[in-house]
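Chemist: Which chain is which? The protein sequence lines are B and F, in order.
According to the numbering used here, the stretch in the first sequence is residues 1 to 391, in order.
According to the numbering used here, the stretch in the second sequence is residues 1001 to 1221, in order.
Simulated from the structure, these hints should not be mistaken for laboratory data.
Nothing here was measured: the structure is a model prediction, and the numbers come from that model.
Treat each hint with caution, since some may be false.
Output of the computed footprint for chain B on chain F, the stretches with three or more beta carbons under 8 Å from beta carbons of chain B [unchecked claim]: (1) 1035 to 1041; (2) 1135 to 1148; (3) 1155 to 1161.
The C-beta atom is built at its ideal place from N, Cα and C for all residues, glycine as well.
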Amino acid sequence: MDTILVVGHNLRVTHMFLYSMRLINVKALLEREELMEKGKRVDRRAKVLKFCDDEVTKYAILSHRWTEQEVDCDEIVELAKMDKRERDEVRQRDGYRKILDSCKQAKKDGYEWLWVDTCCIDKRSSAELSEAINSMYRWYENARVCYAYLHDVLDSSFLVEPNNERYANGWPEWFSRGWTLQEMIAPSNVQFFNKEWRAISDKRTLARTLQKITAVPEHILVNGLYGDRPCVAQIMSWASDRTTTRVEDRAYSLMGLLGVNMPMLYGEGKKAFHRLQLEIIRTSNDQSIFAWGWDGEGVRTGNILADDPSVFRYCSAMELIKPDEFIKSLSLYMPEGELPSTEDDRLGTFPITNRGIQIWLFLCPYDGSDSVFGCHVALIHWVHQWPSTYT
Amino acid sequence: MAINLYLRESNYYRCAELDSFPESTFQFRQVYLRYQDTFHRNAAFEIDDSAITRNGFTYQCAYPAKFTGNTFILTSTNPLCIKVYSNDETGDYFAVGFGQFFGKDWIHVKSDEYRIWESFYEEFAQEECHHMLASAPDHVRSMDKARSGARVCIMHTCLDQLALRTCVMWKSSRENRVKLEILRDPSFDGISGEWTGFDVDVSVPAHYFYNSIIDIAVHRI
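Isolated chain F, as found in the complex (with noise of 0.2 Å):
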């Protein structure tokens, strides 16, 4: 039975239970508990997988079970959503990880190279919400720091054979319009894992973003 605490700028908050417990060693120490109120605004996702699911991968489950559509709300309270995707042919499978952390939005994408959780897909997709959300402070500093001043963020992630493709782009501040895309033919050498961010021209439509991401005009930053 335990409680797990968040360090933010010198002071502890209570953030969401993980089921495993650290072991490590354990240190007596004075800390500062905030009590008081901290006020986040909810965070909306609006996710287009379409372009993945045309690409032979399906989409197998979500954790928590709620988060089963495409759009979706996240609080204080229910942080994060897991998606798992799996291509049979390939043999791929990854999670996809949309989270809000202390008012920021975050997204992380986890294959299992060593495929241990293969075919237990909502066993991995709840895993990889305890990882995830014990990462998550180090998820939000990788995306903040593509995000600043840009309007849209890429990051490649390796699967086995192939590569995903995150796009996000933000229509506002609180609303993600997250696309998925697959590349078959990848260079993994060029594939670093982290975020990029982009300057979009705001004269772009929005539904040309969902169309292809590649054809607009970015400006990197």
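Here chain B stands alone, though its shape is the one from the complex (with noise of 0.2 Å):
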């Protein structure tokens, strides 16, 4: 295992891990596999995971939907060593025929290094847990090839229709899960597979159809986020249908797609949504993030923070518009002389205070009323509804 050393200056010794990516070693755990399918010994100290560079290494990555029977860290790890009846549950189990699929797939494709979340995370170490989590979409930006497994999906060709006879929502699980959405984006290499692992096609030839089922722009599923990403609410919207086990995840799984980071606080609640978005306000002026339910729809009256991706649904059309045009928008409703020019910074900063965000906004007074305000501003105006079949 790759180690560094670290001498205090109490000349305490601690022992850290260079890599944090746990990865399965393809061919070990299949040769253990195979030697246990026969009946043969096993070595007991061979290795089938171990910490490598995710910046370097050559590795496949598995995109799946849990079920009940999934194997975890140590399991995998201490196969060899359990008593038969032990080591046969876990062999049996859904979740290991899963693992066993996605290394042959790997070793098929040349690739000596997977990982699986199931597996390659110690969940028992809640440091380790969180660091996995804020390093996951780079992990699955950096992997060769990602095998996106659709359990519930017997044909052999990719449906361009929803069914919603087979499927809840119309179309297979993996696209209403939350953590399925960084997967699908960040790997630039998708390759999609039905239950018996036969291939069923790539995100690039399915982009159009991907689109149609994800509401993430063509361009996004071929190129990836670079150039121009889009605007937060924009981003927030692809996750508005989507589910995950925990309240938190569905914050925690928009990190990596968003650009940002955070501690897990598992048992926070929906405040990790409200986390995700002051972390978003600290290191971007997009005032899209404030657009949650412009048209009306779960909109409570309360802080400026969206309780949930949900309420970003209808904004999946937004865009960023350009100072000079919103300056040019706001002339219908300002005298000229009180328009700040685009170069104004009190346009494009917000902070975040302990009283509040504090923000210059364009406001104006409903009939009437000295309280209730219509916001005609940045937030608003920097964005533009381009025509969607959303609207």
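Both chains are given apart, each in its own frame, so use the hints to dock them into the complex.
Modeler: The structure is reproduced here in structure tokens:
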């Protein structure tokens, strides 16, 4: 295992892992399985997991829907040391078969290393779990290939139209899960497989159909999130109809796509999504983050942050517009002399203070009210509504 | 495309969207958008409209449509319910708004004196929903003023030929029991359209209140 030694000034010596990504040694795991299958003696010292550098290692990665029969890190490592009854119980699980089949596919494609989230993170360590979740977008991005395993697809061709009889949301379950959004976008090469591990197609070929299913624009699916990134509200909208088992994961699964990091605090509930928005505000001046519920749906009275990605549902067509266009649009509502210039720092700065988010806005009171205001503000005028199937 | 903000104690909060948008002059202003959580309990309403339906009024519709029954709960995401009643004989019709705004319950009545929405009751309900949402802080203030120390509040509203008496009694701080009654021969001069609070003998059983609020021994505050 790669380690470095850190010597503190109190002369205490600490071991630190140089790399945080634990990968499956494809060859070692398949050989061990072959020996177990044949009832032969297994080398208990053979290591099936190893910490590697995700920046230089060529590895495949699995994207899938978790089931109740997964195999965790401890079980995959200790399998060789288990008695036969316990070992067979693990080996017959769907989750184990899934890892094996992924390894076989990786071997077939010439990859020595594979990452699977069920067994490559030691979830007993909250520090490791937090680090893994904060690194996960990058891990999917750096993977040479991502195997998207659609456990509920029996055909060897991809659906082009929704099938409401077969699937609750019309499409395979993989498309309704929160984490699979970044797993679809981050890797440049995503290969789809059906239940029997027959290759169906790949992300680039299917880009148009995937846009229809997920609302993620075709150009993002083909080229990734490089260049002109979509605005925050649009990215949030892609997650609006997706679900996660833990409510906190609704937020954590979006960190990579939105380019922020934060510690995991399972148990915080919907506050995770508030923290995510505050992290975004700290690192960006994209005011579309306030545009949730602009159509009136799901708006509640209270703080300025959204409670859930679902209220961004109708923001999928939003785009940022240039400051000069914004100022020009305001000339209908304000005397020219009172309009700020495009260079005015007040337009694009909104720091978080202990009192609230300090921001300059364009306000107009409703008739007869001194406390309810329409907000024709940068946050709305910075974004532009393009025609879309969602509006 | 716009969002609405509510000014409260010098901070701004997000509030429900309205169909129309103010078209007057805008001001470029520095504000503080509150991001800290605000916790508000839900408000339960129980409506007794039997007295007005006995007097020739018909329940027409509710907006949003999900609030069809006479018992409902308002939350921060569903802060307002409008119910419309009409009387074919007299031509009277009115909307009653039941609202919850930042944890404060309120009720407001609006009749359409110019009969713009006659027979278009759903549109009337929708229109009033937006007006009342925009005026929610004023309705809260009006009711709060009368409610202070009171267990019952009564408001009289002029209709075309009749008057509506709205009476609310609090079973608990979050449970509003509302009774609607019609006054056949009102003295319109004395109708202010404002809430008046009354202190009620706590020993009076709740059903007594429903039978006749007039008979209750009340002490004007």
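Chemist: With a C-beta cutoff of 8 Å, work out whether three or more residues of the segment 1035 to 1041 of chain F approach chain B closely enough for the coverage to hold.
Modeler: holds (count 5)
Chemist: Between the segment 1135 to 1148 of chain F and chain B, are there enough contacts, at least three residues with CB-CB distance under 8 Å, for the coverage claim to hold?
Modeler: holds (count 4)
Chemist: Count the residues of the segment 1155 to 1161 of chain F whose Cβ falls closer than 8 Å to any Cβ of chain B, and tell me whether that reaches three.
Modeler: Contact hint for the segment 1155 to 1161 of chain F vs chain B: violated, 0 residues under 8 Å.
Hint check: a violation occurs at hint 3 only; the rest are consistent with the structure.
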